[in-house]
Amino acid sequence: MKTDALTHKKILIVGAGVTGVSVAKFLSARGINFDVADERAVLPDEMLRVVPDLQHFTVLDSELTANYDVLVLSPGVPRAHPAIAAAISLEKPVVGDIELFAGVVEQPVIAVTGSNGKSTVVSMLAHVLKT
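In our numbering, the protein residues as written are 1015 to 1145.
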């Protein structure tokens, strides 16, 4: 998703953990406004340093998600969550951090993810690409 397409959209970051903070920094650095939904009564300090007067919702429901154009979902929040499923049924874009970040990259990207073997795969790819 290209970030210029987000400039005039209502964006909700769902989850204020490591991924949510990373997305908040990314959007804030580009002057893109957003709100956050997280069950915690108080957002992490790092999130508040990014945007001190952030709009924060502690209840995630379909009434809330219906008010947003784009949802950026943290990996810990399942797409099967009723509020997320409702947004999807309304054909609202529900993206993750990788999809969001990939929107600003203009060169081809090889992404290696997973729990095991990333270093090995990257080493093998580096060797293949050098030869």
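Hints were generated in silico from the structure; no laboratory data involved. One or more hints might be untrue.
As the list claims (entries may be wrong) - Straight-line alpha carbon distances no greater than 27 angstroms define the calculated DSSO-like cross-link-like pairs of lysine-lysine that follow:
id, residue 1, residue 2
1, K1144, K1132
2, K1023, K1106
3, K1016, K1039
4, K1106, K1024
5, K1132, K1106
6, K1106, K1039
7, K1024, K1039
8, K1132, K1039
9, K1106, K1016
Going through the hints against the structure:
1. This hinted pair checks out: K1144 and K1132 have alpha carbons roughly 18 angstroms apart, not beyond 27 angstroms.
2. Between K1023 and K1106 the CA atoms are separated by roughly 11 angstroms; this keeps the pair inside 27 angstroms, and the hint holds.
3. For a cut-off of 27 angstroms, the pair hint linking K1016 to K1039 stands: about 16 angstroms separates their Cα positions.
4. Using a Cα cut-off of 27 angstroms, the hinted pair K1106 and K1024 holds, with the two alpha carbons roughly 11 angstroms apart.
5. Of the pairs offered as hints, the one joining K1132 and K1106 is violated, with about 32 angstroms between alpha carbons and a cut-off of 27 angstroms exceeded.
6. For the hint pairing K1106 with K1039, the CA-to-CA distance comes to about 23 angstroms; that is within 27 angstroms, so the pair holds.
7. Between K1024 and K1039 the alpha-carbon distance is near 16 angstroms, which keeps this suggested pair within the 27 angstroms criterion.
8. Proposed proximity of K1132 and K1039 is supported: the alpha carbons are some 26 angstroms apart, at most 27 angstroms.
9. The suggested pairing of K1106 with K1016 holds, with an alpha-carbon distance near 15 angstroms, which does not exceed 27 angstroms.
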